[in-house]
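Number of protein chains: 2
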Amino acid sequence: MKRLITLLLVAAPFLATADEGMWTYDNFPSSRVAKKYGFTPTPAWLEQARLASARLAGGCSASFVSEDGLVMTNHHCAHECIEQLSTAQKDFVKDGFYAKTGADEVKCPEIEVNQLLAITDVTARIQKATAGAEGARFTAAFQAEKAALERECQTDASLRCEVVTLYHGGEYGLYRYRRFQDVRLVFAPEFAIAFFGGDPDNFMFPRYDLDVSFLRVYDGGKPAKTPNHFRWSPAGAKAGELTFVSGHPGRTDRLLTIAQLKELRDFSMPDILQRLAEERGLISGFQLLGPEQKRVSTARLFYTENSVKARRGMFDALRDPAFFGQKVKEEEALRARISKDPAKARRYLPAFDAIAKAQARYEQIRRPYTWLEALGGRPRIGGDLFWIARHLVRGGEERAKPDGERLSDYHQSALPALEQELFSAAPVNLDFEKLRLAFWLTKVRELLGADHPAVKKLLGKESPDEIAQHVVDGTQLRDVAARRKLWDGGAAAIAASADPMVALARLSDADARAIRKVYEDEVEAVEKKNQGLIAEARFAAYGRSTYPDATFTLRLSYGQVKGWREGDREIAPFTTFAGGYERATGRDPFALPPSWITARDHVELATPFDFVTTNDIIGGNSGSPVFDKDLQIVGLVFDGNILSLGGDYGFDEAVNRTVAVDSRALIEALSKIYGATRIVDELRGAPSGAPGRAAAATGAQ
Amino acid sequence: MKRLITLLLVAAPFLATADEGMWTYDNFPSSRVAKKYGFTPTPAWLEQARLASARLAGGCSASFVSEDGLVMTNHHCAHECIEQLSTAQKDFVKDGFYAKTGADEVKCPEIEVNQLLAITDVTARIQKATAGAEGARFTAAFQAEKAALERECQTDASLRCEVVTLYHGGEYGLYRYRRFQDVRLVFAPEFAIAFFGGDPDNFMFPRYDLDVSFLRVYDGGKPAKTPNHFRWSPAGAKAGELTFVSGHPGRTDRLLTIAQLKELRDFSMPDILQRLAEERGLISGFQLLGPEQKRVSTARLFYTENSVKARRGMFDALRDPAFFGQKVKEEEALRARISKDPAKARRYLPAFDAIAKAQARYEQIRRPYTWLEALGGRPRIGGDLFWIARHLVRGGEERAKPDGERLSDYHQSALPALEQELFSAAPVNLDFEKLRLAFWLTKVRELLGADHPAVKKLLGKESPDEIAQHVVDGTQLRDVAARRKLWDGGAAAIAASADPMVALARLSDADARAIRKVYEDEVEAVEKKNQGLIAEARFAAYGRSTYPDATFTLRLSYGQVKGWREGDREIAPFTTFAGGYERATGRDPFALPPSWITARDHVELATPFDFVTTNDIIGGNSGSPVFDKDLQIVGLVFDGNILSLGGDYGFDEAVNRTVAVDSRALIEALSKIYGATRIVDELRGAPSGAPGRAAAATGAQ
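Chains as they are written, first to last, in the UniProt record's numbering: chain C, 1 to 701; chain S, 1 to 701.
Because the hints were derived from the structure by calculation, they are not lab data.
Which chain S residues face chain C? A few, computed with CB under 7 Å, are given here:
#	residue
1	Leu273
2	Glu278
3	Ser284
4	Lys461
All figures in this text were calculated on a predicted structure; none of them were measured in a lab.
The C-beta atom is built at its ideal place from N, Cα and C for all residues, glycine as well.
Bound conformation, chain C alone (with noise of 0.2 Å):
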């Protein structure tokens, strides 16, 4: 368990050897790339795997694989979709999904897929419109801008404009995306193979997952067509080889202050894991009531098992000495370097104090500002129809301000990705809702205690489980309809409608907005300023060949195929199907389906299964793809290994890798255990597996 970590820095002049980066498409070290390697992506190169490059607006990457639109990601990124169209009697999530015709492919209620068609640097009007201002004013001035550069660039509802951050405050781009809002599910095996050895052999390797998905983007009711796709490796990589990974590397912190590291380190990252563990513990207990709740909570068991596992990956790699010590000596380096020039000094070195101040105050309010407020966005703490609900009632209130002065998830560019999650025709299991709503209500009351004054107006005289009762029995909120009604009718419609589910969301705006609003002036837009002094001290300390912090916006890593040492062990790079079929032990999580355990003599067993590489990624990057230099795909990302986790903080090439399903093992799988034809022809670019032409696919079964 201990990490033996020999850190390689990020700061430019150590970074040069190292396969390390998530590099920007603008600013991809090609001539890095072919010292390294003897290979130079050119411009044209580059273009064309950006735009064969695709991402799961809710959280994954992915790519184009064929002409027809076809979409390869992971199966854990489809995990949600796959549960939504299963249904009591009929459950894909256990049995696989497969659309032998075109016709035969369903919508996902909530995927959009984004295809990044432009970057353009906006860092000067940012920096002009925020001049000068602190705490609420550059907020303010920061949100205004942001939204008027995204309403300018959007110009239609294919469109997706969006302002990003980059080196925390450095450089500012516009992220202008083609959307897909329709997509539909093509193929997925049985979770059985995606997952196979679950949570314990999470973040492990050597593994035998299958961990894919195939989805199709439509436009207008047909595939949309994608001729800038990926082509198919028709050998696979071999040991040693050069690989590119191109996708969307939601979250790391390799470019945080010492003080932001202690915050997380001290403070965030083990009160997060308490909460995962007891989020975690509870939803184990609620599947105990049967076969049903099971089937409707295990997405989200995965989801909290997953972040259990990374999260205290992350939290090991602070804790241990040695790593935090070479980010200490990182900082110090940077403020000798700083300090050598008095101007420099003067200007810089505040920076690193108005920080650790926004730290301390970050301590006030943490417990509320979580609680209240930010675990209510995407975690959706206390359930899907609470979420629905929260938003209703903001949209209400914030559409009908100026789009500069809302709230960011309502301006303009912002909401034809929320309509689609508020307006998501999946189903809702309303004993689940009940837990998750009666969950949150009781932390609350826990961690900010009974006597607090938002928590006596959220709960009055009530229990959590009795309101968390009536008010999911008494929600019209299942109901698509009613949601558009109460969205379409905004601020007057919320304050007329008698919905438990509204009013208990109204109950708990006011105190939620006001905590947002401290957090936002007095901790996010410091850090912020801040941090953008210290991203123009550390351009001046080392030039432009560093890499922003991830953001969840496209980044190309490059790599090789490699395994790794660990104490006296030799990890090597690829495993194969005879390997799953040895680890099988008949038992969940290592039970292999029906479907192999059929195949097991029609497969070939020496076919590669999973392998791993040197590219720097990080959760976000699931479903990227694995390519050559000539653009072809050789593997599928799905993981990381352990010790990648304290990727988070910085990037180590002797223990850090990618996981990924050999491109080999998802043909084999697909045309000996599924059948499935249609898509091998069209991965190999053959006519006959475009949707459409139904005749000859269905008679390859």
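Let chain C serve as the given structure and place chain S on it in line with the hints.
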């Protein structure tokens, strides 16, 4: 949530004015009490207090409150017994319990009461036995001498003797107790009022809990005679009055080195909190299965939630930079003092380094040691039946060895207490056992990895759920006679047993023992030896006017009834019945039981309910009497305030408070709500209160 701490240091020079200290009875600072409060406890007074104090061997404190063996403690200290005596038909936890006559008093299967008869300083013998030894030799020599001392002392099964390590090895005491194993339940109120406010109000004040239960010790089938007991105060306590608390604080860490505190803060504590959080979630989920599942798991849930809240408070203290900074200063001051004398520096300073190295060693074995060995002990991580099986397996092997060579759990002196628990007739719920066993197996696999040899041995090709299912269903260990047969049959019977739970315990035993040995020899022995040296240095620097860290042995603390200031808010020292009625919402955990609702018009609403004092206590003190200088009961300790949780590491008189039930609340409730006049009379020393004279008591109903 933030602590505002002006930590008073443990080092003697700073101690003089604060009500700090959990003093051993053989080193009580009477002159200090006299100076501050004008009362000098005499040796006779101290002996009387000591003999009137009691310990529940399972982890609580208590007191003798009549000459006929009546024992007062908390409801939460007897909760498990009350649950064990309940059935699906009759739930005494929910409804309360009152034995109207002596004949109605029912035996608690697992409670042992101890009365401290004598303390002997055995430091010289232990030091002589361990002189010059290190590591494994130190452990062996220490264990052998400890076993010999205890064996010599424990001349009779009615005695219990324990060698206690004080000052972490600076001093050793031989504690001789009278042991009562026939302990019967006399009275318990409803859980709803014993724990009014539940987890949200736990460790909070103002507070409104009647956290009391009465037990009685029996001897030869009759109530034991206890001439040394506390009398009842007719008037109760008033603000500012001198109060004493005599009880058994479980553990403090005030004398740990900074290296040890850092280990706790950065590694053990956050991981313990994660484990507890997950268990809590899991049990909460399990309770959804139905009322019976809820009933059988409530005591465990209480224990877990209480641990979460207590540990979180401790963790918050450790990660408070101001608090921790004080601890660092304290150690620096001691080291500076040592450094002045070269001879002392040579003798003592290396001890700090040795302890720091032991922490690094501990980090290497912490996860396997925790999960394979430590959690299988008192926390019974795999459930009660697995705990029993492990002791049967080990007991068979260990009892065949000479006393001094056994694992400490099986020393001759330790067997009576162990046997009482092993052969307890308490019911076992199979569903809950399965949940707990599967949880343990799952976590072992998760935290050690599926490929760890011990894990492979334990799980084979089965899943945790599967194993839990067939092992719990298949075991005979629910049957006390079956346990006794295996225990009496020793190693041969164990080897021959086909019981699946015994088989599982056998399977894990070698790995668990091996990692325990590493821990004992390479961590514990090093800590004990070097802490002994540091204690010596501390004595040399500050004299004997300090107290040792808590060790679940009898301590006396002094203080006064006093509220505190939190920010700009003054917290008054007393609450009243009226306040309790006001706080009630009718919903769990703020629902008063029917008896209290009915009695509202009959009770005196101005009756003091709970109150706070400056006495220095910690977990384990639950159930301690609060008494005045005339040895009269004025209250019953049941909690500390939230700011007392940092008390594990240091005492801050400004905010650290003991929380107790007022003696007047006890009398008012017993008389007017429960009609328990038999107990009231006995407390007041009236003859009709004594058991066996049932007519009068029943008549009073």
